[in-house]
Amino acid sequence: MKRSTSKHLYKCLVFTFSLSCLTVCYAKSANVSSRTKVQVETPSEYSLKNVTLYLSKEFNKISDEELGLTVIKELYSKLKYTKAMQDLDKVIAKIANNLESKLNESISLLVKAKEKIENLAKFHPFIQSAGTLCDDGLYGQFEVVTVNSNNSYSELPLSTNQGNRVIVWYVYNSSVVVLRKQLDSVKRLKGAIKQMYLLSRWDVISNAQNSVYNCNIRDESLLWKLYVLKNADSTPRNVMLLLDHGGSLSKHQFHIVKAVAKHMISVLNGNDKVGVLGISDEWSYPYITDQCLMPNQIPPASDSHVLSPATDHNKYLLNRFIDSLTKGNGVTNHSLGFQQAFQTIKSSNISANESVMLLYISRGLLSSLTEAKTVLETISSMVDELDNKILINTCAVIDESKPVMYETHFLRDIAEQNYTKYNIDVLSNVEKGIMLLVNSSQAIGLAVAQFYNIISSGVYSEKEPSISLPIWDQISNDLTVSITMPCDLNGENSVLGADVYFSNIAEDVTYYSNYHSYSYAFLIDMQGTAIMHPSYPRPASIKNQPKFVDIFHLEKITNFTITKQKLLTEVDGSYTLKAEAEVLRFIWKRVLNWYVVVIVVNETEATPIRPYKVSWFPSTVTSKLVHHRLDIIPGTNLCKHLNQIATLDAGSLYLSSSCFQSPFSYLHFSTGETTSLLIQTYMAYLKDNTRLLANPGFKEEVRDDVVALAHIMEFLRLQHLTGSRAKYIVRRYIVTPTGVVQMFPGSFIPSGIEPTKRVWYLRAVDHRYKTILTPPYLDAGGAGYIVTIAFATQHVVTAMDVTFGYIYKLLLQNMPFCKDGVKCFLMDDRGYLIYHPNLIDPNGHGPIEQQHIIHKESLVANDILNHKHFVKKMLCNDYAHGTIQRFYRLNTSLNEILTNAVHGEHCVKYQVSVIEGTNTFVGMVNATCEVIATFCPCSMVDRLCLNCNRMEQKECECPCECPLEIDTCTHPNKTFMENPLCGTTPELSLFVNSMSHTKYPNNELKSCLPVSCELQLTYESCLGVLGCEWCQLDVDGETLLTNPFCTSFTTCFNGVLGSVTPYGDAISGSSTSDDLLGSTYSPIGPIVGSIVGVSLIIGLIFFCYRSYSTPSIDRCYFASTQGNQVRMSDFNMSDEFQEIDNHQDKLLQDTKKREPISPYCVSTGYRRPLTAADSDHGYSTMTPHDESEHLSFAPIEIDSLEDDCISDATSINTSVSSKQPKANSFDLRNKMRVLPHLTDLQMTSVPNRIIAPVTVHRNMEVT
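1 is the number of the first residue of the sequence shown in the working numbering; add one for each residue after it.
Hints are supplied without guarantee of correctness; some may be wrong.
[To be verified] No more than 16 angstroms apart at the CA atoms, straight line, and that leaves these computed lysine to aspartate or glutamate pairs for EDC-like:
#1 K373 / D312
#2 K687 / E701
#3 K122 / D488
Source of the hints: derived by calculation from the structure; they are not laboratory data.
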C-alpha cells in the first residue's frame, strides 16, 4: 500500500514540476500588465446640437457619395416611364384563370385515378392504402395485361387468368402504379404536386397494427387526420381520454402518449364532447373555462371535471394540460385512473341514448400479477353504475427495445372487458373494444382513425372534390393543400387525394405587387377565411403551421361587412368603398366555388410608374455585370471576399423569385437545375438591346430595371475601388421594387432571398427620402457585426453594409469624450440600439442583435417615457402568428435636445437628439453616483408581456407580445380587436457561407481587397477597418496588453486576444508570441510566472499527499424530506429517474454546486411557435443574458425578496412562488393532484400572488 502511494506521489510531483515550467514560459511570453482605472473628467456643458448637425451632414454626404444618390437622381430624371400597373381587370382575370387551371388539372388527375382504382377493386376486394412519395422504384414490377374479354385493363400488375377467375398479385403496388402514372402525366402542375395517395377504408376496418404505406419523409398522421375529418358524420361523439404518465414510461413512450391524445382531440368538432385525465400514482385534470385567460390570470377554481364541448378554446386548454404533464414518481395506479374516468363520465350528465368511448393510453405495466383482476373489477362495478353504453379502447405504447409480455395482454383484456378470464361476474352485455399497438409517431394517425371508426357510421360526408386549408408538414417542412374526393372500393368509401404545394397555388397573389400603398391582392375561401394576404408571410418563408383568420380582421376599414358579403355571394364584380381618408376599389373573381381572388386599389394614391425601354448605351456597361452564380459561370475572375466567393471585375445580378412569371417554378427548380446554359439565356435576354430575343420567363418590367441599375452599379463599383471610405464598407447593393438586386463586390446569393422583405428595405421605404440605419447584426459573409445604411428614392433602395466599428468611429470624430467615460449611443426610431459601448460582449455570452435601450440604459428609458411628445407605446395585431405586439415609436420630428424630465430625482444625466434626415437618435449618458436602480420588467425566456390586460404609457417595459385570442373564448374587453395590423413581416437573413457552394477551396482564391491590419499603427486608424480589430486585452478579457496592436478580428475579436468570434472559430493559423505582441521584453512576466508556479507546486504536493494517504469516502446527504425516507422508485423506477420530479433531490452529492436564487425570474409555460419567417417585426428584445444560460428556478417564498442592486450588464434571475397546499387524501389509492390550466405564466393558488418571469435592468454602469 505504501509502495503504491509513493508511486502516485512521484507521478504527481513530476506533473507539478512540468506545469510550473509551462507557467513560467507562458508568463515570459505574455508580457502583460494589469489594467489601471483612470479618473476621467467629462464635459459638463457640451451641447449635443453640434454633434447632431455634424452627423446629419456626414450621413447626407455618405448617401450622396457612397450610395450614389446624385447619380440615381440624374439617371432616373432622363428615363422614359410607364404605369407600373395597367388594366387591372385583365390582371385579375389572368390570376383567376391560372389558379382555376391548376385546380382543374388536379381534379382531373384524381378523377382518372379514381376510375382506374375502382376498376382495379372489382378484381380484388381488398385494396390497401398507397402513396407516391416514397415508391420511386416500382415500375419494373408491372406489365400490361388484359383481364377477361369484356374488361380491358392496361395497368394491372402481373396476374394469372384462369377462365373467368382472375388472381391478382401485388395489389398494393398496382394502386401505386396507377397514382404514379397519373402524376407523371402532369403538365401545368409539373413539380407542384407533392404526392398522390389513397387512404383505404380496408386498412381502418381491419384494425391493422401498422399502416401498409409507411413513409418517413412526410407526416403520415396528417393524411389519416384528413381521413377522419372526411368520414365524420353529424352524430355527436363523446370521448374520454385517460393518459398514463407514470414513472415506468420511457421518454419515447411518454412522447407517444401525449401525441396520441393530441391527435384524438384535434379531429373533434364543436358538436362533440371530450374530457382528459392524467394518471400516475395520483390523478389530475385540467381547468376548463370559456373565459379568455391572459397569461398572468389565475384560472377559476373547479371542484370537478366533466366532458366539455370540443371548441377551439377548450381544445387549446386540453392541449396545454397535456403539455404540462410530467412523468410521475411511482407506478401507475390503473384502478384509480378508471375510477376517476368513470366518475367524470357520470358527472357529465350525458344523455342515456348516447355512447361514450373511453380510450386508455398506457404502457400497461403492472405492479403485481394480481393487479389486473383488481382493475377489471373496478371497471365492472363502475360500468354497472352508468346508464350510457361504454366502449373501452386501449392504446399500448411500446418501445421496441424492451420486451413486452403481460402489458399487451392486460390492455387487451381491458379493451375486450374480458371478465371471464378473471372469474368476474357481470350483469350487463359487454361492448368489446380494440387494443392497438403504437410504437412510432407515424403509426398514430392510422390508430386514431381505427379508434374513431368504431363509433362512426363510416359514411363519407362529402360526395364532390374538396380542398383543405394549407397544412404544414413538420417532417418534410412544406405547406400544402389537400384536394380530395371519395373513392368506392367495393362499397367501402375511401379517400383519394393529391397534395399541392401552397406556394404554387398562391404564387400570383403572393407576388402580385410590391406597391402595397397603391394596390395589393388577397385570396379568401368561400367561408371568408383569408388564405393569402399581404400581412401574412410568404409561403416559401413559413416554418410552422400558420394561423388563418377571417378577412374581416385584416381589412380594418369602415363598412367592410357589405364588401365581404358581395365577395362571397357574387361570382365577380367591382365595388368602391369610401373610407375616412381614402377611396378603395375592390375587384374580385371567384374560382371553382373554392376561392375568391381580390385586388384592392387605393384610388387616392398616385399610380406608381416604372422605367420603360431603358437602353444599355454605352455598351461597355454590359460587360460590367455578371450573374450572381459565380460558381458555374465560365471565365469569371474569382477572389475571396471574407468568406464569400466574389469578383471585382463587375457587379453581380441577383433576380429574386418576384422577378419571374412563375415564382414557384424558379424557387422549386433553381437549386438543382440551374446550368451555365440557362444563365447565359437569362443574361442574353436581359442584355439584348434589340429586344428581339424570346423572354425566358421574366416579368415584363424586369429587363428595364436591370439596365437602369447597371448604370448605377458602374458608379458604385468605381467608388468601392477608389473611395476614401472603401476600407470600412463590406458591400454595396441596389434594389428595385420588382426584386432586382445588383451588388458589388459581385457575390453569390442563395436562391430564396427576397430583398423587398428584408428589414433594411422595409425601414427605408417607411422613411423614404431619409438615410436609415439598422441595428447591428451578424454578417453571414464573415464580416462580423455590421450595420446597414440605406436610402429609398421613388424608384429604388440603395444600401451598403459597414462595419460596426465604423459607426463608433463616426461618433468619436465629433464626440471624443465617448471613449473616456461618458457613454454615447445611437438608436433607431423603435428604440433599438445601433451603437452602445456595451453592445458587444467580448466573452460571447450574449448576442448583439435586437438590443433595446431598456436593456442597456433602463433608467434613461424610464425617464424618456415622461416625454409624451417624444415616445409613444404602440400596439398592433399579428394575426399570422396569433400575437399582439407592443413596441415603441420615437418622434423623428423632434427639434430640441431631450434631457431629464424629472430633475433632482437621480444622478444620471442624459441628452438625446434626433439626427436630422435619418431615423436615428444620438444620446449621451453621464452618471455621477455609483448605484442607481430602476425596474423595467422583461421576460428572459420568451417575449411575453408581464401584464396583457393593460398597457400604461409611462410604464417601463421591454417591447413584448401577448397571445391574440380572436373568437375562441369570451373576453370582457374586445378593444384589442381594433388595433391596426402589424404590416409586412420582415424576413430574417438567409445568407449562408457561399464558399460551401463552390468547387473552389478557400486556399485557392486570393483576397479581393487585401487589407494589412498590421500597417494600422494606432487605435484610431485601426477602428472600423474591414476585418481588423485593435487588440488590447489579454486572453482573460481584463488584463491590458503592454503593446496593443491591430490584427485580424479572427485573432482578437472585440479587442480580446484569442476570443472566439461569433462564427465559432478561434485564432486561425499558428502565430508566435513575437508576431502577436511585439518584441519588447519585460521582466515582470517571468517573475509573476515563477511565483505562480511555486505556489502551484506547493498546493499540488499537499493535494497529492492528502489524496493518497487518506482513504476516500463517498459522502451522500439526504434531503430534508418527510422522515428522510427513500423509496425504491427513487433509484430505478424509470429509465430517466434523474429527470425533474423523479426525486433526484433525495440524493445530493456534496460536489454539486447550487446556483444562487434570484428573486425576479421564473419559468413560464408560454411559448410562441417559431416561423420563417420567424420575424419579430423589429420589435423583439428577447435576448438571453449571462445568467440566463444557468437559470435556477427553485421556488422561494415571496416574502423573502431581498433588496438587491445589480448592473445593466447582467440580468437578475428570479423565482417567485408559493407553496401549493396538499390535496386531501380520503384514501391511500385516491390521491388527487389538480393541475390548473397551463396558462402562459405559472400561477399559484394563493390570492394576490403571480409567478412572473422578468428581467430587471438596473443602471450601475457609472464612470
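Among all the numbered hints in the text so far, which are the ones the structure does not match? Failing hint: just 1.
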